[in-house]
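Q: This is what each chain is made of:
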Amino acid sequence: MDALTTPLLTGSATGAILLMAALGLTLTFGQMGVINMAHGEFLMAGAYATYLTQQVISGSGLSVLVAIPVAFLVTGLLGLLLEMSTIRWMYRRPLDTLLVTVGVSLVLQQLARDLFGAQGDPVTPPSWMRGSIEVAGYAWPHRQLFTIVLALAAVALLHAGLKRTSFGRRVRATVQNRELAETLGVTTRAVDRSTFFIGSGLAGVGGVAISLISGTNPTLGTTYIIPAFLVVVAGGVGQVKGTVIAAFAIGIATAFLTDWTSGSMAQVISFIAVVLFLQIRPQGLFTVRTRALA
Amino acid sequence: MTASFLGEDYIEIRDLTVDFDGFKAVGGVDLTFLQGRLHFLIGPNGAGKTTLVDALTGLVQGTGTARFRNRDLLAMKSHQIVRLGVGRTFQTATVFEELTVLQNLDIADGIHRKAWSRIGARRRVSERVAEALEVIGLTDLAGKPAGILAHGQRQWLEVGMLLVQEAQVMFLDETVAGMSAEEREETGDLLRRIAPGRTIVVIEHDMEFLRAYADFVTVMHAGKVLAEGTVAEIQANPTVQQVYLGASKEVEVDV
Amino acid sequence: MTTDSGAISDVAETSTPMSRAWRDPRFSPANLFRSYGGLIAIALLAYALLVWAPGELTPFRLGNLGKYCCWAIAAVGIGLAWGRGGMLVMGQGVFFGLGGYIMAMHMKLEATGPGEVPDFMSLYGDGTMPFWWEPFRNGAFTMVAIIVLPALISFLLGYAILKRGVKGAYFAILTQALAVAFSTLLIATIKQTGGFNGLNSFSSFFGQKLNKSTKQDIYLMAAGALIICLLIVWQLYRSRFGELLVATRDAEARVRFLGYDPANTKLIAFVLAAVMASVGGALFTPLVGIISPSNVDAAASIMLLAGVALGGRSTLMGPALGAIAVGYGQSTLSETYPTSWTYFQGALFIVVMLFLPGGLASLWTKLKGLMPTRSPLDRRPVSAALAVGAEAAK
Chain A
1 MDALTTPLLT GSATGAILLM AALGLTLTFG QMGVINMAHG EFLMAGAYAT
51 YLTQQVISGS GLSVLVAIPV AFLVTGLLGL LLEMSTIRWM YRRPLDTLLV
101 TVGVSLVLQQ LARDLFGAQG DPVTPPSWMR GSIEVAGYAW PHRQLFTIVL
151 ALAAVALLHA GLKRTSFGRR VRATVQNREL AETLGVTTRA VDRSTFFIGS
201 GLAGVGGVAI SLISGTNPTL GTTYIIPAFL VVVAGGVGQV KGTVIAAFAI
251 GIATAFLTDW TSGSMAQVIS FIAVVLFLQI RPQGLFTVRT RALA
Chain B
295 MTASFLGEDY IEIRDLTVDF DGFKAVGGVD LTFLQGRLHF LIGPNGAGKT
345 TLVDALTGLV QGTGTARFRN RDLLAMKSHQ IVRLGVGRTF QTATVFEELT
395 VLQNLDIADG IHRKAWSRIG ARRRVSERVA EALEVIGLTD LAGKPAGILA
445 HGQRQWLEVG MLLVQEAQVM FLDETVAGMS AEEREETGDL LRRIAPGRTI
495 VVIEHDMEFL RAYADFVTVM HAGKVLAEGT VAEIQANPTV QQVYLGASKE
545 VEVDV
Chain C
550 MTTDSGAISD VAETSTPMSR AWRDPRFSPA NLFRSYGGLI AIALLAYALL
600 VWAPGELTPF RLGNLGKYCC WAIAAVGIGL AWGRGGMLVM GQGVFFGLGG
650 YIMAMHMKLE ATGPGEVPDF MSLYGDGTMP FWWEPFRNGA FTMVAIIVLP
700 ALISFLLGYA ILKRGVKGAY FAILTQALAV AFSTLLIATI KQTGGFNGLN
750 SFSSFFGQKL NKSTKQDIYL MAAGALIICL LIVWQLYRSR FGELLVATRD
800 AEARVRFLGY DPANTKLIAF VLAAVMASVG GALFTPLVGI ISPSNVDAAA
850 SIMLLAGVAL GGRSTLMGPA LGAIAVGYGQ STLSETYPTS WTYFQGALFI
900 VVMLFLPGGL ASLWTKLKGL MPTRSPLDRR PVSAALAVGA EAAK
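Sequences listed follow chains A, B and C, in order. Be aware that the first sequence starts at 1, since it is given in my numbering, and climbs by one per residue. Be aware that the second sequence starts at 295, since it is given in my numbering, and climbs by one per residue. Be aware that the third sequence starts at 550, since it is given in my numbering, and climbs by one per residue.
A portion of the hints provided could be inaccurate.
[Stated by the list, open to error] Under the rule of at most 25 Å between Cα atoms (straight-line distance), these lysine to any residue pairs were calculated in the SDA-like manner:
(1) 438/B x 915/C
(2) 438/B x 912/C
(3) 740/C x 663/C
(4) 371/B x 411/B
Calculated directly from the structure, the hints in this document are not laboratory data.
Start from the sequences, fold in the hints, and give me the full structure.
A: Structure follows, in structure tokens:
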């Protein structure tokens with residue numbers, strides 16, 4: 001029983017982390033088609049925001065909860081700055097955008113190294129997050145449970161925001177037909193900016209969750225960026241539902257593989273699995289078929 | 295080359311259906327494109343004309359059959375369909391802008407060359423290319439990058455590429471859209487010249503162009519064939535007048 | 550439409566005298582320069598690297614230049630795949646590493662006495678050598694493997710990815726994921742590959758003791774390999790294949806409707822790029838004396854891209870010169886200001902991609918007035934740029 005529940009539970013937590021890392025990408029990559037390689041460093045910024053928040057209001061058990069909006073705002077603004085300074089000029093050159101954001105990611109990494117040191121700092125979980133609950137004989141840390149709750153809450157909010165609000169309608173309209181949306185009075189530039197703000201902000205929230213598991217680190221972003229993109233691609237670009245399923249599937253599969261082999265081998269195998277999966281379904285799990293070609 | 299296929303160079307389409315997640319863009323079309331005539335395919339926007347051609351050229355998946363030279367086009371990949379002798383153009387003319395007119399045609403000529411011969415540089419151009427340059431009237435611009443061509447010239451270059459390919463079936467998607475009156479006339483004459491021995495299918499909105507050059511017309515509406523016949527027959531058809539020709543004046547104004 | 554001759558047969562019957570300029574573009578001065586000007590540039594570089602540098606530079610500097618040449622060899626391949634083929638290969642470190650590790654295994658076995666196993670295997674493992682190390686004792690096998698193994702792997706990988714129509718950003722991300730997986734795998738297999746430490750402490754190179762004169766020979770091999778790669782690419786760029794590759798990059802769907810399978814064209818470029826990276830890696834190992842995961846991971850792969858982007862990805866000489874410049878910049882800057890190099894590299898990507906996507910080479914053509922308005926890369930049809938991944942929707 002243990003051999004099954006333990007990796008299932010830790011894997012779900014890993015999946016939740018992956019989901020948080022990838023969720024913002026479903027907006028910036030999935031909806032806007034921007035490949036932001038600095039998204040990993042936005043996760044890192046979220047983690048450092050958590051660390052700094054904890055420095056300011058240490059002692060209180062609320063610091064992590066306060067850190068969530070703080071991290072969202074900080075990385076959201078970082079994303080907005082990136083969009084307004086560079087990406088807006090490059091919507092028609094996706095590969096060039098990719099490399100510009102590679103440059104941004106290098107700069108942000110070094111900045112973190114210079115500001116906070118190469119070693120990284122610990123983030124202490126508040127007391128209410130330190131215990132664990134017993135699930136089928138396994139002591140499941142509250143931290144992991146919190147990560148899953150946070151991830152699912154973020155998904156629910158994003159999903160509702162895209163489907164229910166007028167902002168969501170404007171985003172979808174812009175994605176589907178930019179010119180038409182414009183003639184209908186949608187300020188597509190404003191939509192671009194807010195989409196990028198929210199997508200980047202979500203990375204910040206992901207950073208909060210990551211910091212609780214592994215603390216802060218200047219290279220935190222490089223660890224997560226590729227897995228995050230693989231989750232989005234495997235799930236079907238732009239599909240929140242697919243991203244959720246892919247994240248948990250990869251997370252749980254990696255946990256099982258880690259049990260059998262080692263952490264690094266699990267990563268290698270899960271990468272190969274994604275490539276093989278894309279052989280069968282090049283569009284990922286879910287797709288919207290269009291006739292947009294030629 | 296044509297002789298051996300004589301009598302088989304037509305496309306016979308039976309029950310062609312293209313389904314976009316439940317929406318039938320083309321719903322059970324039966325059609326035959328015969329050799330040697332300018333066959334016009336008309337219909338309002340969304341009638342399924344381009345989707346039909348997409349399905350016949352392997353760009354979208356369709357069900358049913360489309361027989362050409364004893365093969366089913368629907369079961370083949372795009373480049374195989376082309377190698378069988380079916381070519382097409384696109385609504386927005388796509389030429390290789392960084393390459394010269396000559397290079398564009400030469401690439402189309404590659405269908406006749408062995409793959410390994412490509413590691414060499416071009417020493418001479420084939421007669422097919424020289425001939426096509428003359429026919430489409432771009433001889434003087436042969437050394438210029440295709441990116442500088444005017445709209446009409448790009449469309450002609452695309453037709454030229456089809457000639458070089460020796461495509462026996464040509465699907466031309468809104469080739470004269472956006473052309474001036476003279477350019478349209480020249481295009482029509484060009485099509486007339488190359489039509490004998492070929493199967494040419496023209497998707498068009500321009501009624502004047504259609505009246506001037508169509509040998510045969512198929513009207514599509516909502517994914518189905520509404521009517522077929524000569525220009526006169528189509529113009530006399532009350533259903534067609536209702537769904538399409540009635541609006542044709544507006545269409546022409548738009549163009 | 551200038552002709553009213555109408556009769557196609559008329560034209561066909563005239564034998565084509567190669568009199569008019571367009572029929573025989575070989576002899577127009579502009580075309581002659583376009584075709585053979587590249588050779589002059591290659592010859593100049595060959596002189597600088599093979600004649601001038603060995604006489605002028607200290608052994609230390611020469612060794613460094615050799616290292617840059619190795620990166621430049623990989624960069625030439627990237628220029629072919631990315632600049633001309635439109636495939637942003639973000640994981641060339643994998644193939645660089647493949648060559649580097651193959652060479653390192655051979656040299657490690659040379660440094661190990663017969664019947665013994667490489668030192669690190671007894672240090673971290675149980676002192677037995679994995680069976681797949683054995684063939685690399687053989688020098689000839691090693692040299693063949695440096696070419697064949699990356700060719701095979703890149704063919705299988707490229708076949709899988711390209712035939713399924715994966716391109717654009719998806720292709721880039723998958724290749725970078727490959728680099729991450731590769732370096733992770735290396736680190737995880739410390740008993741077989743030396744793990745994080747990589748492979749080092751070599752004593753000889755194909756029987757020659759690694760002294761000053763051998764190192765100079767290896768330098769000459771690296772510089773020579775670079776020149777050979779440039780010559781190969783020069784011929785490819787002027788060939789019909791080169792034109793087809795550019796056409797495939799700019800309008801892949803259109804190429805398909807000319808009867809080509811675009812995946813095949815791209816596959817050739819991808820495999821060639823992989824082989825070049827492998828050759829670069831194979832010469833890197835003896836020149837630097839070590840190959841480790843940090844030479845082949847995602848960051849190393851990105852550094853290879855930096856030079857290509859800076860020099861001009863779609864040009865003949867740009868990638869090679871750019872890689873040498875970036876290598877030199879890295880050595881010099883990180884000697885004086887250790888942390889500033891990363892900023893510099895980041896800024897390089899931002900500035901070049903934002904303002905000069907054609908690289909420094911495009912600046913030159915711009916100044917020459919050959920490209921009056923925009924760089925050639927900007928002139929790519931919007932539809933082609935937007936078609937990223939649209940193919941995948943098929």
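Q: Each hint: holds or not?
A: Verification of the supplied hints:
no.: 1; hint: 438/B x 915/C; in the structure: holds (18 Å)
no.: 2; hint: 438/B x 912/C; in the structure: holds (22 Å)
no.: 3; hint: 740/C x 663/C; in the structure: holds (19 Å)
no.: 4; hint: 371/B x 411/B; in the structure: holds (24 Å)
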